[in-house]
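A.B. asks: Here is what each chain is made of, one letter per residue.
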Amino acid sequence: MQSSPVVSETDDVFAVGGKRFRSRLIVGTGKYKDFDETRRAIEASGAEMVTVAVRRVNITERNKENLLDYLDPRRFTILPNTAGCYTAEDAIRTAHLARGAGVGDLVKLEVIGDDKTLFPDVPATIEAAKRLVAEGFVVLPYINDDPIAAKRLEDIGCAAVMPLAAPIGSGLGIRNPYNIKIILEQSRVPVIVDAGVGTASDAAVAMELGCDAVLMNTAIAGAKDPILMAEAMRLGVEAGRKSFLAGRIARKLYATASSPLDGLIG
Amino acid sequence: MRVIVNGEPHELTDGLTVAGLISQLSLNGRRIAVEVNREILDRESYAACSLTDGDEIEIVHFVGGG
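Line by line, the protein sequences give chains S and W. 162 is the number that this note's numbering gives to position 61 of the first sequence; each next residue is one higher, with no gaps. 44 is the number that this note's numbering gives to position 37 of the second sequence; each next residue is one higher, with no gaps.
Wrong hints could be hidden among the right ones.
[Stated by the list, open to error] Simulated restraints, written as ranges between beta carbons of each label pair: (1) W:D21 / S:R176: 40 to 46 angstroms; (2) S:D173 / W:E18: 51 to 57 angstroms; (3) W:A55 / S:T188: 46 to 52 angstroms; (4) S:G185 / W:A55: 27 to 33 angstroms; (5) S:R176 / W:P16: 37 to 43 angstroms; (6) S:D112 / W:P16: 57 to 63 angstroms; (7) W:N44 / S:K165: 50 to 56 angstroms.
Simulated from the structure, these hints should not be mistaken for lab results. Backbone N, C-alpha and C fix where the C-beta goes; we use that ideal spot for every residue, glycine too.
Could you put the whole structure together from the sequences, leaning on the hints where they help?
C.D. replies: Here it is as structure tokens:
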């Protein structure tokens, strides 16, 4: 999408779906020990956009606290997901329910094909994306690292493409950086690596490739110290982004000395 | 009247509105979405929508997720 441009820090805004962010780290809110840990991890991550799932209210336990008691929707952009949907119809219905709850038109579209890998069902994702874009949603689709699928989704009008690094929760990091690079070269919408990140270097690698942002949940929530990992991820994303903007040296097979040859003693 | 709320049968007073149901369930002020017979309701319609016997209601909210 872009070669290493010279931009000042103040210019380096992450824009997606009509919104602007300073943070290029998007975090999920699932799998934490409790809401307090969720809140503290998100604080430490510096994330400004968080994903949430849409589920039935527990009618019998309705006096329980709610996630949004801990996350001010005025401070964070809430990105509802369609997690758990295995058909385009379910994903479309879930997206409408999310919009009905009044947090805006953004949706992270997930249509899952298989419950072991949680890989996306690509045809169903494309079908759901077409409908949702036509119905005014700002669609951020979770997709595999297939440049053809990414192109289709962009052409349909999705606001970004979100190729996975590796299966959700697997912590494997980017398995196919070459495909991600191809997606980056062809995309005119933001590319957000979503799923499979395990540690801070994975996030840095994604940013060094040129990705616009990284989305993760398990990598933080599942760490032994989620608050510390959230901070590590914030730094990893920042380091990776600065590396990318700084324009790294080329990879060479042989050495080039760093110290001068002139003035050697002897 | 008997309706289904989130997959479970409930006995409610005849003609109860969605707004009334939300109140009864202590969900006022909560960020929720409501679907009646697969149609999502605008919040403004809750008070005007009277439920009838056999209605299927889904009430959802946001929970932690990735």
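A.B. asks: Now, for every hint given, state plainly whether the structure supports it.
C.D. replies: Hint check results:
1. W:D21 / S:R176: 40 to 46 angstroms: holds (43 angstroms)
2. S:D173 / W:E18: 51 to 57 angstroms: Between S:D173 and W:E18, where Cβ atoms are some 38 angstroms apart, the hint is violated.
3. W:A55 / S:T188: 46 to 52 angstroms: violated (32 angstroms)
4. S:G185 / W:A55: 27 to 33 angstroms: holds (32 angstroms)
5. S:R176 / W:P16: 37 to 43 angstroms: holds (40 angstroms)
6. S:D112 / W:P16: 57 to 63 angstroms: holds (58 angstroms)
7. W:N44 / S:K165: 50 to 56 angstroms: violated (27 angstroms)
When each numbered hint is compared with the structure, violations occur for hints 2, 3, 7.
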